[in-house]
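First to last, the sequence lines map onto chains A and B.
So the first sequence is residues 1 to 125, counted in the numbering used here.
So the second sequence is residues 1 to 408, counted in the numbering used here.
A portion of the hints provided could be inaccurate.
[Stated by the list, open to error] Think about it this way: if two alpha-carbon atoms lie no more than 20 Å apart in a straight line, the pair counts; the simulated SDA-like pairs of lysine to any residue are:
{"hint": "1", "chain 1": "B", "residue 1": "406", "chain 2": "A", "residue 2": "9"}
{"hint": "2", "chain 1": "B", "residue 1": "402", "chain 2": "A", "residue 2": "11"}
{"hint": "3", "chain 1": "B", "residue 1": "371", "chain 2": "A", "residue 2": "62"}
Derived by calculation from the structure, the hints in this document are not laboratory data.
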Amino acid sequence: MEKISDELYREHILDLYKSPANFGELKNPTHKHTETNSSCGDEITINLVMENEKVRDVKFSGSGCVISLVSASLLTKKIKGMKIQDIQKMDKSDIIKLLKIKVNPARMKCALLSLKAVKSALEKK
Amino acid sequence: MKINNSIAKKLKKDFPIFKKNRGLVYLDNAATSQRPKQVIDSVKSFSERDNANIHRGLYTLAERAMQNYDNSRKVIAKFINAGSSEEIIFTKNTTEAINLLSYTLNSIIPKKKTEIVLTEMEHHSNLIPWQQFAKKNKMKLKFIKMNSDFTLDIDDAAKKITKKTAIVTMVHVSNVLGTVNPIEKIISIAKKQGALTVIDAAQSVPHMKVDVKKLGCDFLAFSSHKMLGPTGIGVLYGRKELLKKMSPFLFGGGMIKKVDLENAEWADIPEKFEAGTQCISESIALAQAIKYLEKIGMENIERWEKILLRYALMKMNKISGLEIYNPEYDKSIGLISFNLIGIHPHDVAQIMNEDGIAIRPGHQCAMPLMKILGAPGGVCRASFYFYNTFEDIDKMISSILKIKKKFS
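In isolation and in its complexed conformation, chain B is listed as follows:
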């Protein structure tokens, strides 16, 4: 379904939040997306008809819950083109998925490998776990630099990834700049040096087709709540042969094969990494969200968001005193960070709220990047989804102009 402005308006009608909040201009989709009634109904229907714990329940309800849960894993595996559903591990969110890796990867890293390569544009979720990992395992962090147009410096990547590199990890798409990083190229450099690759795909999987086989990454993480699904559920994709070798992350029920008083034997993947009762209805709702996205088509979503981005950039570039941190529409997803020079982002966002516009001000969980951008107070970020329209952007632009006038 190719999206245009009138189709975007129609799609918006699937989202009850816009009915309950008339006039809401929601431009904070990179923080969390809104939910279509198909996803809301899925959670409701599970609670009303199917609720039971999974694993070893021999009654009909438990069987149905288990079936739906397993099926959800299959839907996710197919969505990102994983080899099998065993390669899909349910986590709480992207952050927990990366923490899982930061607690378990040392079990499969050779001793002579002592460096981790990241970028300067990491979200805290893909920075702090590796800082801790490096401290615990006496490793060094290296950061690939950014070009002045907010893209990644590939030459610097080639220099920093060496035989000593244990892990190369980065955001697929920056949550501040919108930049789509050339991860295929970087993964191939990493592979040549025998490094593991970890991709934070929290901002890419909701907005474009992501194919883990084509990318060739070892691990990839994303969150349900940024792609129409509920909070509390995230996904870690990992290559089967690696997951099998890794030690478990959390211990307890559901992740074992055999237990005696002194010892336990781990379950097969993916259960080995899923201790305790999981977010069952949420994972099933995530599969519904994926079905909704697939019905529209990820290519169509990406295309429409680029049209919105180009439209917004064209208008915003004409406003004097507006600083924009974006590499231009062909290298970015539908996300723009900006500052009105001399006006604090918190003031801008709060006045926009008066106009019913939701954007996000502040450091965007990327404090080191704010320092590089020279934005100590942070930035204002407007992030789009396929249900946004030209009118949403027009309203944001007129609000920006109003604020500029108010402060002049």
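So here's chain A without its partners, still in its complex pose:
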């Protein structure tokens, strides 16, 4: 049988799942958004503090599968200090680069949930 998820649950992924980075909420976020994936019940809330068009601080909270939560940890680490316009350019390939694992098509929605939440938060004024 083909083993599609051979690499999926590697140590670096599981470690970040057990102790996520940037998990929680911010006291005075300038931008906040909750994104849900109703077909699998995943939910991610992003809190951002933006200053001079840059991310000064970011945290996420919520629940979901390994892929969606680990993506959120990696993404929040990555975007700290980033400019809005650079974040808006991010897509699927950036998330895969961060995860460093194969993600099969059925799980892609989970991998992209936090990016969608960040982008939606930034669109809100």
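With chain A held as given, fit chain B onto it using these hints.
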């Protein structure tokens, strides 16, 4: 043929998929079952030797196709103890059978009847068609509650089914909980109130003896692909006198007696409900699947699956942090939904796949029930068939334990 572990292993050899996928532990039978070579050969042989369209072909091939098709209807009628083969309508699947009813039943429902009674454990296939039916016909939906042990609350059923009830409809067996609902009791309550009864038997007909006369239901639907047959073919059983009164569902060739430019006269049942060219080879293969099941005996299938269920539950109940949604083996078919607390079902299923185990994660086409169970991410579902063995279950259990360790 009473099944035990070694007979189950022998039966598995009739299924080529297990030869082509060595080590496959297939526990997703409630979604679709595997096919024995007898069924595969039937489709192949029809394509190679008998292929022709049915109805009005005067050549030998067409006659043979028609004969086989008619015979398949007879085999199905006998299998569920219908009064005659006229009461068997071929559909695409259970969903289409229920849609057929949701498009046509309003023609036989008295105006004063304004409510439809269902349960909280419906598959979307027996929920959404009735939501639409209720909206179109300005009717109200009512849902019979569940007890805390995942069985149906009969007292609540007796309260909710009243003189106003037009239709009582429910799953015979829940595709999430495995619960076998006491439909005989509910059908008798419904009859006293003059309501029509529609049974979604997609999960019961493949696993136990279903006798429509004994049940006394008006309509019953099931799918071929969950009972060893091919996809694309399903069955709607309906009582003759009701089917005769109902308007057709789909219109076109094959469902008419007489046509002029402005009007048409409908064919007799069952053709009235079968517009267009049907899935001919698939319906013939379904009859082969039924013959295979009958050779083993539905009672024997039910018995063995219960033994597997009891074995699995006994082992799974000992695992801490494992939540099980099942009413216990005497009230259930061989199906277990579960969650490892704190681990998303998609993660569990994907790691199980690494071990060659096929289970189904997610909302199982029952989103309202997931809400009631408090499982927003869905559940993991393992569902058995008669070709599953103790070893299959042992492999699943060790995979569950491995996942638990990995995440701790």
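Practice task
Compare the distance between the alpha carbons of residue 402(B) and residue 11(A) with 20 Å, and conclude whether the hinted pair is satisfied.
Solution key: Satisfied, since the Cα-Cα distance of roughly 15 Å is no more than 20 Å.
Restraint check for residue 406(B) with residue 9(A), where alpha carbons must lie at most 20 Å apart:
holds, 9 Å
Against the 20 Å threshold, does the CA-CA distance of residue 371(B) and residue 62(A) hold or violate the hint? holds, 17 Å
This entry satisfies every hint, going by the numbered hints stated previously.
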